[in-house]
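Q: So you can see what is in the structure, the chains are spelled out below.
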Amino acid sequence: MDFELTEDQETIRKAVAGLLRDFDDRYWMEKDRDHAFPEEFYAAVADGGWLGITIPEEYGGHGLGITEATLLLEEVARSGGGMNAASAIHMSIFGMHPVVVHGSDELKRRTLPRIARGDLHVCFGVTEPGAGLDTTSITTYARRAGDHYVVSGRKVWISKALESEKILLLTRTAKRDEVEKPTDGMTLFLTDLDRDRVDIRPIPKMGRNAVSSNEVFIDDLRVPVEDRVGEEGQGFRYLLDGLNPERMLIAAEALGIGRVALDRAVRYGREREVFGRPIGMNQGIQFPLADALAHLDAAELVLRKATWLYDQGRPCGREANTAKYLCADAGFTAADRALQTHGGMGYSEEYPVARFFREARLMLIAPVSQEMVLNYLGSHTLGLPRSY
Amino acid sequence: MERDEFTLVRDMLRAFATRFRSGSADDVKAQTRTDAQRALDELGLSGLRRTSPPAATVQECALLAEEHGRQPLTTSLLGTALLAPELLRLLDLGERAEPVHGDRPTVALAGDLRFPDRDAVGLVAWDCDGADTALFVHAEGRVTEHELGTPAPTADLLRGVRRASAEGRPVGRLTPGAHQRWQAYALVVVASELVGAARSFVEQSVDYARERHQYGQPIGSFQAVQHQLADATVLVEACTSATRYAAWCLDSETPGRALTAARVAKAEVNSSAVEAVYAGMQVFGGIAQTWEHVAHLYLRRVLVGATTLATTADLLTVLAAPEATR
Ligand SMILES: Cc1cc2nc3c(=O)[nH]c(=O)nc-3n(C[C@H](O)[C@H](O)[C@H](O)COP(=O)(O)OP(=O)(O)OC[C@H]3O[C@@H](n4cnc5c(N)ncnc54)[C@H](O)[C@@H]3O)c2cc1C
Numbered sequence: 001m002d003f004e005l006t007e008d009q010e011t012i013r014k015a016v017a018g019l020l021r022d023f024d025d026r027y028w029m030e031k032d033r034d035h036a037f038p039e040e041f042y043a044a045v046a047d048g049g050w051l052g053i054t055i056p057e058e059y060g061g062h063g064l065g066i067t068e069a070t071l072l073l074e075e076v077a078r079s080g081g082g083m084n085a086a087s088a089i090h091m092s093i094f095g096m097h098p099v100v101v102h103g104s105d106e107l108k109r110r111t112l113p114r115i116a117r118g119d120l121h122v123c124f125g126v127t128e129p130g131a132g133l134d135t136t137s138i139t140t141y142a143r144r145a146g147d148h149y150v151v152s153g154r155k156v157w158i159s160k161a162l163e164s165e166k167i168l169l170l171t172r173t174a175k176r177d178e179v180e181k182p183t184d185g186m187t188l189f190l191t192d193l194d195r196d197r198v199d200i201r202p203i204p205k206m207g208r209n210a211v212s213s214n215e216v217f218i219d220d221l222r223v224p225v226e227d228r229v230g231e232e233g234q235g236f237r238y239l240l241d242g243l244n245p246e247r248m249l250i251a252a253e254a255l256g257i258g259r260v261a262l263d264r265a266v267r268y269g270r271e272r273e274v275f276g277r278p279i280g281m282n283q284g285i286q287f288p289l290a291d292a293l294a295h296l297d298a299a300e301l302v303l304r305k306a307t308w309l310y311d312q313g314r315p316c317g318r319e320a321n322t323a324k325y326l327c328a329d330a331g332f333t334a335a336d337r338a339l340q341t342h343g344g345m346g347y348s349e350e351y352p353v354a355r356f357f358r359e360a361r362l363m364l365i366a367p368v369s370q371e372m373v374l375n376y377l378g379s380h381t382l383g384l385p386r387s388y
Numbered sequence: 389m390e391r392d393e394f395t396l397v398r399d400m401l402r403a404f405a406t407r408f409r410s411g412s413a414d415d416v417k418a419q420t421r422t423d424a425q426r427a428l429d430e431l432g433l434s435g436l437r438r439t440s441p442p443a444a445t446v447q448e449c450a451l452l453a454e455e456h457g458r459q460p461l462t463t464s465l466l467g468t469a470l471l472a473p474e475l476l477r478l479l480d481l482g483e484r485a486e487p488v489h490g491d492r493p494t495v496a497l498a499g500d501l502r503f504p505d506r507d508a509v510g511l512v513a514w515d516c517d518g519a520d521t522a523l524f525v526h527a528e529g530r531v532t533e534h535e536l537g538t539p540a541p542t543a544d545l546l547r548g549v550r551r552a553s554a555e556g557r558p559v560g561r562l563t564p565g566a567h568q569r570w571q572a573y574a575l576v577v578v579a580s581e582l583v584g585a586a587r588s589f590v591e592q593s594v595d596y597a598r599e600r601h602q603y604g605q606p607i608g609s610f611q612a613v614q615h616q617l618a619d620a621t622v623l624v625e626a627c628t629s630a631t632r633y634a635a636w637c638l639d640s641e642t643p644g645r646a647l648t649a650a651r652v653a654k655a656e657v658n659s660s661a662v663e664a665v666y667a668g669m670q671v672f673g674g675i676a677q678t679w680e681h682v683a684h685l686y687l688r689r690v691l692v693g694a695t696t697l698a699t700t701a702d703l704l705t706v707l708a709a710p711e712a713t714r
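Quick mapping for you: the protein sequence lines, in order, are chains A and B. Under the working numbering, the first residue of the first sequence is numbered 1, with each subsequent residue one higher. Under the working numbering, the first residue of the second sequence is numbered 389, with each subsequent residue one higher.
Bound-form chain A, shown alone (with noise of 0.2 Å):
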């Protein structure tokens, strides 16, 4: 067993680490408080050349895999910078897997090198308003009329859709009841969103509001066949083969967050005092922290098992789930118990610690919720029968 990072591993950390010493937290604090894109953050990270980071090296990109890919992201979510900086990079990371395993050359040569060059912003859009993790009850309809396809249908929670310049957009070319298997019939693209026939609404919402979430209206809204991600009606099954590292990735950025607001803690626990002594000499106080360590640290293991294993080529579900499953439970809880170390200060936004808060709650519901890990390892894992 070896659980050092390679070399060239712990260069990407410090790197990125580096780079982002600068975006502080009130940095953060503003572009929050101002529902604000984080401009000056991704174009470093852009110019830094770490969009590409898992972009085949054909197309401008560095390909490297998905241990590299959550390093990266778990410094960025620890560098203070958490689910606002994650997301706002997140989909050109790795959310073109789909398209560099299964898009036309052509299509990847259109795309590829300006994602990794960080001037092509892409969203992507599964979730919609009657289609929450049952993803194939999604109803937005892709008609094909020659060269091209007809779409129209209703996404919510698109996040970055007000900044991106194309979608990755899941569509039924056929409907659930005219197909055998409810998987069947979905159809994948890589398309402009034409403001024209796209209507995008910002959604109020609880934190990480540098980065919109939207409802995206679309109404036919024309694309060309030549930006269809592989076959019609696979579209299902090209996103099934992203789902075990997009766990992973939400793992590390859950991890990063954690990782900070313990951090952000334990400098509190020693300034503040309290009662004429630092508030961390109270068992209270520095015990729920020590476990927070203890289970941040057990989780991040597990992480590195399944991006290991992805990056061997070997079966991860399990591992995937559990990682996700792990660090989003590990990272809410260290962000809470930041919280709660703050005192009334925790609930102030002079310090970072409450937007932790804010943005760790996510990963407990999204991009798939705790409760779905947990089906995935009652009946795939433990062999039980499927529950819904």
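Take these hints with a grain of salt, some might be off.
Which residues of chain B face chain A? A few of them, derived with a C-beta cut under 10 Å, are [to be verified]: (1) 611; (2) 613; (3) 614; (4) 615; (5) 666; (6) 701.
Distance ranges between label pairs, derived from CB positions [unchecked claim]: (7) 281(A) with 505(B): 54 to 60 Å; (8) 619(B) with 311(A): 41 to 47 Å; (9) 174(A) with 710(B): 37 to 43 Å.
These aren't lab readings, by the way, just hints derived from the structure by calculation. Even for Gly, the Cβ is constructed at its ideal location relative to N, Cα and C.
With chain A's structure known, arrange chain B with the ligand on it following the hints.
A: For chain B with the ligand alone, coordinates are given in the frame of chain A:
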């Protein structure tokens, strides 16, 4: 009962309990069991719920069950003094067919100690020290009387449990309302005893945290210990309130509402009493892991108690159902 009268009864029970408590598992012997039961019988508590109107309210009986639960006792207060007499009283209100043969019956339960479903097998006579027969309430309300057999295995070292004969003599049938009342009452009485056990054990661990010194100071001065005990106290208060409220409902509300309150109370007790005893055991450290210590007597009582009559899963399932179908 008048207040003074009840205080007197409770003090008598308390004095009895202090005298006959088991100081350790090794104290639990056939002779000491018999002596203790005889002493309890002499208090004459089986008359409290035998007449209509009863001499004592359900709330008073629940407090006595709590008192009994506070000490590690082998005696049957619940089965023979509180439960069987109430069952006979409820039967008198409906179709009472035949007189019972036993002088001192207890109650019988399904083999897994739960309320029976339609095809319950392997009946056991529960809490049967001092009992000569056992009354069994079938799922549909029919009541039969059963002979006692050989001792049945149980993890609760204090509680007397015996196999009961498969065939029983018909005694009568509870009306639907009386059946609900019976179930509610049984849940409340059993829950109360567990509440008493948890409360007393947490109090004992608080005392221990004051006396036991490590690193030159009482372990109770460590916040981690203090907080565990504070949490345990909150749990005990939660299950006490839920149980006492259910007892009040039996005295004041319709049987349906009382049954709902009793189910809530038992579900709360099933988790809170066990959690509270876990916390207490943690505070006792290594000594609580020894055979001589009373900790395991309490732990066994609450663990078995949490599955007696109704498990949390049983209760939450009915409580989650729409009210009309319960
Ligand atoms: C800030 C934010 C950003 C997002 N960004 C995007 C995005 O960019 N693109 C996108 O496509 N989507 C996005 N989403 C949507 C996200 O993926 C969904 O919210 C998530 O999949 C949950 O779906 P839902 O909200 O419809 O919950 P539902 O599916 O309605 O679930 C509600 C509750 O029921 C539980 N539940 C459901 N089914 C079961 C079951 N079978 N067993 C047990 N429990 C169950 C769930 O765990 C949950 O607790 C985002 C969401 C948020 C909040």
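Q: Now, for every hint given, state plainly whether the structure supports it.
A: These are the hints, each one checked on the structure:
1. 611: holds, 4 Å
2. 613: holds, 9 Å
3. 614: holds, 8 Å
4. 615: With a minimum Cβ separation of about 6 Å from chain A (threshold 10 Å), the hint on residue 615(B) holds.
5. 666: violated, 17 Å
6. 701: Cβ of residue 701(B) sits 15 Å from chain A, so the hint is violated.
7. 281(A) with 505(B): 54 to 60 Å: Holds, at about 56 Å.
8. 619(B) with 311(A): 41 to 47 Å: At roughly 44 Å between Cβ atoms, residue 311(A) and residue 619(B) fall inside 41 to 47 Å, so the hint holds.
9. 174(A) with 710(B): 37 to 43 Å: Given a distance of about 39 Å, which is inside 37 to 43 Å, the answer is holds.
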